[in-house]
Structures are given as C-alpha cells and as structure tokens.
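Protein chains: 2
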Amino acid sequence: MNAEIIAIGSELLTPDRVDTNSLYLTQKLNEAGFEVRLKTVVGDNREDIQGLLRAALQRSRLIVLCGGLGPTEDDLTRVATAQALGRRLTLNGEVLEGLQRRFAVRGYTMAKINERQAEVIEGAEVLANPAGTAPGMWIEANGAALVLLPGPPRELKAMFEAAVFPRAARMAGGRSMATRTIGIQGWTESEVDTRIAPIYTSFSEVQTTILAVKGVILLRMQQWVGPGEIPSQLDDLAGRIQAALSDTIYSTSGEALESVVGSMLRKSGRSLALAESCTGGMIGAAITRVPGSSEYFRGGIVCYSNEVKISQCRVPPALLERHGAVSAEVAEALALGVRQALGSSIGLAVTGIAGPGGGTDPKPVGLVYVGVADECRCVISRRILPGDRETVRELAATIALGRLRGFLMSENARA
Amino acid sequence: MNAEIIAIGSELLTPDRVDTNSLYLTQKLNEAGFEVRLKTVVGDNREDIQGLLRAALQRSRLIVLCGGLGPTEDDLTRVATAQALGRRLTLNGEVLEGLQRRFAVRGYTMAKINERQAEVIEGAEVLANPAGTAPGMWIEANGAALVLLPGPPRELKAMFEAAVFPRAARMAGGRSMATRTIGIQGWTESEVDTRIAPIYTSFSEVQTTILAVKGVILLRMQQWVGPGEIPSQLDDLAGRIQAALSDTIYSTSGEALESVVGSMLRKSGRSLALAESCTGGMIGAAITRVPGSSEYFRGGIVCYSNEVKISQCRVPPALLERHGAVSAEVAEALALGVRQALGSSIGLAVTGIAGPGGGTDPKPVGLVYVGVADECRCVISRRILPGDRETVRELAATIALGRLRGFLMSENARA
Numbered sequence: 001m002n003a004e005i006i007a008i009g010s011e012l013l014t015p016d017r018v019d020t021n022s023l024y025l026t027q028k029l030n031e032a033g034f035e036v037r038l039k040t041v042v043g044d045n046r047e048d049i050q051g052l053l054r055a056a057l058q059r060s061r062l063i064v065l066c067g068g069l070g071p072t073e074d075d076l077t078r079v080a081t082a083q084a085l086g087r088r089l090t091l092n093g094e095v096l097e098g099l100q101r102r103f104a105v106r107g108y109t110m111a112k113i114n115e116r117q118a119e120v121i122e123g124a125e126v127l128a129n130p131a132g133t134a135p136g137m138w139i140e141a142n143g144a145a146l147v148l149l150p151g152p153p154r155e156l157k158a159m160f161e162a163a164v165f166p167r168a169a170r171m172a173g174g175r176s177m178a179t180r181t182i183g184i185q186g187w188t189e190s191e192v193d194t195r196i197a198p199i200y201t202s203f204s205e206v207q208t209t210i211l212a213v214k215g216v217i218l219l220r221m222q223q224w225v226g227p228g229e230i231p232s233q234l235d236d237l238a239g240r241i242q243a244a245l246s247d248t249i250y251s252t253s254g255e256a257l258e259s260v261v262g263s264m265l266r267k268s269g270r271s272l273a274l275a276e277s278c279t280g281g282m283i284g285a286a287i288t289r290v291p292g293s294s295e296y297f298r299g300g301i302v303c304y305s306n307e308v309k310i311s312q313c314r315v316p317p318a319l320l321e322r323h324g325a326v327s328a329e330v331a332e333a334l335a336l337g338v339r340q341a342l343g344s345s346i347g348l349a350v351t352g353i354a355g356p357g358g359g360t361d362p363k364p365v366g367l368v369y370v371g372v373a374d375e376c377r378c379v380i381s382r383r384i385l386p387g388d389r390e391t392v393r394e395l396a397a398t399i400a401l402g403r404l405r406g407f408l409m410s411e412n413a414r415a
Numbered sequence: 001m002n003a004e005i006i007a008i009g010s011e012l013l014t015p016d017r018v019d020t021n022s023l024y025l026t027q028k029l030n031e032a033g034f035e036v037r038l039k040t041v042v043g044d045n046r047e048d049i050q051g052l053l054r055a056a057l058q059r060s061r062l063i064v065l066c067g068g069l070g071p072t073e074d075d076l077t078r079v080a081t082a083q084a085l086g087r088r089l090t091l092n093g094e095v096l097e098g099l100q101r102r103f104a105v106r107g108y109t110m111a112k113i114n115e116r117q118a119e120v121i122e123g124a125e126v127l128a129n130p131a132g133t134a135p136g137m138w139i140e141a142n143g144a145a146l147v148l149l150p151g152p153p154r155e156l157k158a159m160f161e162a163a164v165f166p167r168a169a170r171m172a173g174g175r176s177m178a179t180r181t182i183g184i185q186g187w188t189e190s191e192v193d194t195r196i197a198p199i200y201t202s203f204s205e206v207q208t209t210i211l212a213v214k215g216v217i218l219l220r221m222q223q224w225v226g227p228g229e230i231p232s233q234l235d236d237l238a239g240r241i242q243a244a245l246s247d248t249i250y251s252t253s254g255e256a257l258e259s260v261v262g263s264m265l266r267k268s269g270r271s272l273a274l275a276e277s278c279t280g281g282m283i284g285a286a287i288t289r290v291p292g293s294s295e296y297f298r299g300g301i302v303c304y305s306n307e308v309k310i311s312q313c314r315v316p317p318a319l320l321e322r323h324g325a326v327s328a329e330v331a332e333a334l335a336l337g338v339r340q341a342l343g344s345s346i347g348l349a350v351t352g353i354a355g356p357g358g359g360t361d362p363k364p365v366g367l368v369y370v371g372v373a374d375e376c377r378c379v380i381s382r383r384i385l386p387g388d389r390e391t392v393r394e395l396a397a398t399i400a401l402g403r404l405r406g407f408l409m410s411e412n413a414r415a
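So the sequences go chain by chain: P and D. At the far end of the first sequence sits residue 415, using this note's numbering, and the numbering has no gaps. At the far end of the second sequence sits residue 415, using this note's numbering, and the numbering has no gaps.
Bear in mind the hints are in silico, worked out from the structure with no lab data behind them. Heads up, some of the hints might be wrong.
Mimicking BS3-like on lysine-lysine, the simulated pairs with C-alpha atoms at most 27 Å apart in a straight line are [said to hold, decoys possible]: (1) P:Lys-214 to D:Lys-157; (2) D:Lys-28 to D:Lys-214; (3) D:Lys-214 to D:Lys-363; (4) P:Lys-214 to P:Lys-363; (5) D:Lys-28 to D:Lys-157; (6) P:Lys-267 to P:Lys-28; (7) D:Lys-214 to P:Lys-214; (8) D:Lys-214 to P:Lys-157.
Just so it is clear, the structure is predicted and the values come from calculations on it, not from any experiment.
This is chain P alone, in the form it adopts within the complex (with noise of 0.2 Å):
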C-alpha cells in the first residue's frame, strides 16, 4: 500500500520554509497502513502539479496533495487535479451555500472570488472543513485515491483525522505499522549504533532508525503488522535494546527528557534550583517547558557574569580568582551555592566555554563542567564538548539534564 505527499505553494520553494504537514501525514498514513514512498514540493504552476499528478497515479495507491485550494489566482490545485484527471469542475451549490453561511455568521458578504472554493471535481466526495473556509476532496480513480486538503496545519489536520484516516484505513484492510521509541542520553549515536546494531540487524521485519537530537539520541523502530496481528518482533527487539542499553535509556514512551525528570523530581518530593552560565536560560527554558514544573522548579540564576556567580550564587571571589569560572571548584560552588540562595533541595550548575572566542589550549572552547549538588553529596563532571556556539549550548543544557537524571537515580538506588 503505496502512498505520496505533494505539497502545492511556492512559497515551499523558498530557502526559508521547510513542509512540516508532511511529517504528520507521514505518521497518520502510517498508523493507517500505507507506506509513503515519494514526498514531492511544487509551486503554483499548473503544469507541474498535473504531469506531477500524472505520475503518480501510475505508482501510487493513495495521492495526498496539500495546499493551493484558497480562493486567489494562485491557488490550483482544484483546476490541475481536475485536469490530469481529464474530469469536470463545477459549482457545488450545498458547499457555496455552506461558505455563504460562514461568512454571514461573522457579518460579512462572501466576495464573489470565494466561489471557486465551491468548485468540485465530478466524482469527488466533498470533506468539510469546519476550522477553514475550503472544503477538501476524496476522489478514487483507476484504483487509487486522491486526497486534496487545505494547506494551513490546523485545517489539514482536523480534516484528516474526522475524514481521511477512517478512509485511508479501510482502503489499507486493518494493516498498519507498530512503532517504539526509545530516547537514549549519555552515548553518542556511534556508541550506541556500536553496541546495538549487532541486535538489530537480525530482527528483518524491524526497521530501526537512529537519530540525534540536540544530545539525546532517539531510537525508533517500526515493524508492519497484518489486522490483530502482534509485533511481536517488535516487541522482542525493544525489550533486547533495552537490556543491552539499561540506565543509558530514559523513556520508552517517548517521553522527553526534562518531563522524565520532573517526573522523578515530583516523586521523590525534591525541589530544583539552577545556576547556569553558558547555556543562558536554556536549562530552565527546558525544565519550565513541561506543565506543572512549578511543583518542583524553584528558579534559578543565569549568571553570566562574576559578579552574579559572587553576589547570587555565593560562589567565593578566590575561587573564581584561582580556577577561574570554567572550572570543577566553581561548577561545585554554583551548586551549593544556589541551592543555598533558592532554598531548593538540589542544585545544578553549567559553566563552560560556548565559544566562538575565549578558548585557550588549556581550556578549550567546548569545555562544560556540571555541577550537581544536595545536602550530602556534590557530583562534578567535565566534557568537550563538538560544534559551534549554540551546538556546545545545546549539548550542555541536554547533558546537565542527563547528569540530574544520574543523580536521582543513584539516590533512589541508595535509599
């Protein structure tokens, strides 16, 4: 069960847009039983969209075109689609009475140019947009389907749930694809790929994807499975990769990082405090992502400059004197000390060299120190880490996550 994404607009031609609704569609079509093959972005040119059109209705079981169905000049798809198919366009009065009261709801008088939303192709079923103004269409065609939606992400999305995937699904008989994902912190993706691809690649009906993402690698598996069949391949090779790869895996469910350790802060009825020097904010920006991280998340200090490691953080000016402010000594007193200031049970500290300037041979640009401190114990760690500026800012924010994690768990493992 084939299917391909076109997505219509010129501005996706652009050097700053990326077609993001492919990747919903991607997932959707998935769990719906097809397999996307072709991934495909135009412009608003007439001819391209129908010789696009015409190929893929020889390779393709399901056609998904995004796009292009407003009312301007621009937008054509409605009239190519009609075109390759070598079928009819015509006014559709239940639709055109169905816009009118739309915009009559609101208090406007519907612009004569709006009719072309209205305009259906002969055979097509008719998908109501209830967040938009431009119906979609579910036409089949020499065995295969097309599927024409509205470009903005919120329309498309609400219409594919409400009418595509019931269709979709029915047309693929029950099959679809299981999936696991496994989130990984501390390894680099060729660590983990090492020891793990001995397992994986004798599990044949498993694909598996390795992915890192701003310090955490995410492992995702994918095996089709017939109507009420179970992945059980799936399952086996999940729960291999998971011995294989124990404390080094932080969710199994897709969880993400700082959410797994709110998760572990709120259980264990401990508060957080941060200190954080190159990464700006960026740790806390993360941490108060996940609702409800006003539970444990007392605050913290971006302290950037000396000044504020000594006057907020507590850090002793000699320290910073002698070891300077990207050193072990001062990583463990940014911990101590706001733990202290903020009157949290745990404190964390990054300091570290961001770059591009800065580095000497000592001291190069990449190093990071994270400091993790409560009131018995203070755990220090040292990396170099790669990459430009905000590469090494990422990294560090992630790693002094996966520090915290360690720590909460060693202290779970001694109580």
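The hints should help you fit chain D onto chain P, whose structure is shown.
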C-alpha cells in the same frame, strides 16, 4: 533556468526527519541564477530513483541529488543514476587511491565495501569531498546537468561551495536572485500584510513572502536580475516598505532581534539584567546566543516561584498577595528589583500565565506583563497571547525583547 532537488534516503520518509539540505541548496541555487521548481524526497529504492531521474531530465536544466553515496547496500544513487542515463559505472583508480590514503592516514585499512565509493559514472567529473569519504559527481547529459552530493550537511555544503556553485553560475550566465529581508516586531502577520499589500502588489518583478516566526515577522523580497543588472524594483520596494513600517522594523539585514538589541545595549554602554517567570530562561537563552553578549548581559533570575521573586528579585510580599504574581505591579517590581539585585543599568521582567492550567476569567491563559526599567523610568505593558503553552512562552520572550528595543529607542530619542 529551472533546477530541482532530489533528496535520497528512506530515513527522510519517516515522521521524524525533514530534509533541511534543500533549504541551503535553494538559497545557493537562487544566488547562482537557478529557480528551484521541484523538491522531492525518495527512499532507498532503485526503481523509484530511476523513475524520478528520467522525469527530471525532461523538465529541468539542473538536477541536484543529495544522499545515497555511502558504501552500503542501501546507497543506490550512483547505480540508479548510471542506469537512468544508460551509462557505465566503473572503478576509478585515482579516487580509490584517495580513499585508501584517507583511511591509512587515520591508521585504518579500508574495508572492501568502501570500494563502491570509488565507482564513477562514465563522463562524470569527480567532485572532491574534503570533509568525508564519498566523492560527488557533476554529469552533463541531454543539455542538462546532474549533480550528486553526499547527504551529511557539512560535506554537502563544502562540496557545493567549492565545486558546484561556480559551475552552476557559469551555466546560468551571470543571472542571479537578489534578496532583501526585513524583520518586523510588534505587529501580527495580517496587520503587516494589510499595510504593505497595496505597496508590494504593484511591484510585478519582486516576489514578496511574509513569514511569522516566534513572534517576529520576516518579510522576504526577491527579484531576478541579469548579469550586472541592478535590482531597482527590489531596492525601491524595500525603501517604500521601510518608510511605511518605520519603527516596527528592527532589521533590514537579516540580523536577529536579540542581536539588534545587543548592539543597541553595547553602543549605549548599558548593561542588562533579566527577571523571567513564565519564560523560564528563554530570554536569557536568546540574549546569550549572541557571541560577545557578556559585554552587556549581567545575568538573570528565573523567578518561577514566589519565594524567588521575593528573595532574589526583591518583590515585596504584600504586592504579590494583593495583586498576584501575574500583574502590572509585580512586573514593575521585578524589573526594578532585578536591576538593583544584579547591579545593571536596565532590568527587563516578564510574568505571565503560559497554561494549559492556571487561567481565570480576569486573568486568562496567555496573559503576560512585560516591565522594563532603568534608573529613572519604568514601562509596563500587558498582552493576551494566543496559542498553546510553548507558543505563549515564545511570543512572550520575543515581545519582551521588542519592548526592550522600544525602551532603548525612546531613550535615544530623548538624548
């Protein structure tokens, strides 16, 4: 001069991965004089790649393929391209020696499998890969050119700059795309469009795109120009839009808002301190993204709890009790307090309700107060922001930077 981009790799057809190489390539191809008319993502499937190539050769002058040049069974770009062109693929002795040397330098013996990377299509020019093992190829056929580039962005960019750009520019004969980017803060996308649509629609040679990104609006204008030609429509349009939008424009050079604000602080010799509640560190993260920000950025307090607002930002407890943490009074007290606590010339504070919980009728989710204070002034503003938790936080952080910019501008006006 039509170009198209084909990204090859089954991992790009999963719900987790977008092809971002094509954004870089689009910008460079535009600069070199080519319009990108199609972008396609295809899996590691020989027939699919061949089918695409045959269609591409019918319609495009320049076809850029990225990825699939590795040494494994899944890397099919070389063989599929050779077959689509009906040309032979042969082991190239010189490339092979280069590969072997590369391995030897690192102390490895090259595995047999890597020999595949030394296979070259008949009639192709080999493009050196200084950043990796897979060489690229430039192939001319039927009046079109095909370029094979490695998938890893670092390798792709290095090869494009060195070997592809000059060849492409020569093909296009000096034609190129001139672009201007204007950054706007403080208005919504539709407010901007209402004001400038009457202007830009009368410039037929300029393509104008409006893009909303995390609270700022980017206006991108582009015009094709011949060899030596000046983009006079583009310059004229940019000038008229600048006059129409005046103070809401923070940049005409593509510079980020945090960088513009940083330059203003540096020039005026003033320092900044932050008090962040709902944004949790996002403003600090943005400010410190700019290299050299330590010159003017003192630091910040992430005052997520009332205790931290009181102890670190010197907010009187009675104020919190009387008006609540999300109020104009507390925004003012935070801005004044953090300025004093951190000893900076300017204090910037944000307090708000990011949701999803915590909203009430008088104080709904999305309510945000921003305060900016120096030694003699304090300006407070109030907004109700749309969207989910992360959107509200992103918008709040950008609006705070915009307010800081307004504060610094009005200061200059008074001086």
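Going down the list of hints, with the structure as the test:
Distance hint between Lys-214 of chain P and Lys-157 of chain D is fulfilled; the C-alpha atoms sit about 21 Å from each other, no more than 27 Å. Only pairs whose Cα atoms come within 27 Å are accepted, and Lys-28 of chain D paired with Lys-214 of chain D is accepted, the gap being roughly 25 Å. For a cut-off of 27 Å, the pair hint linking Lys-214 of chain D to Lys-363 of chain D stands: about 23 Å separates their Cα positions. Restraint check for Lys-214 of chain P and Lys-363 of chain P: satisfied, since their Cα atoms lie roughly 23 Å apart, inside the 27 Å limit.
Our distance criterion of 27 Å between C-alpha atoms is met by Lys-28 of chain D and Lys-157 of chain D, whose separation comes to about 10 Å. At roughly 34 Å between alpha-carbon atoms, Lys-267 of chain P and Lys-28 of chain P are farther apart than 27 Å, so this suggested pair is violated. A C-alpha spacing of about 20 Å is found between Lys-214 of chain D and Lys-214 of chain P, which places the hinted pair at or below 27 Å, so the restraint holds. Annotation: proposed proximity of Lys-214 of chain D to Lys-157 of chain P holds, straight-line Cα distance about 21 Å (limit 27 Å).
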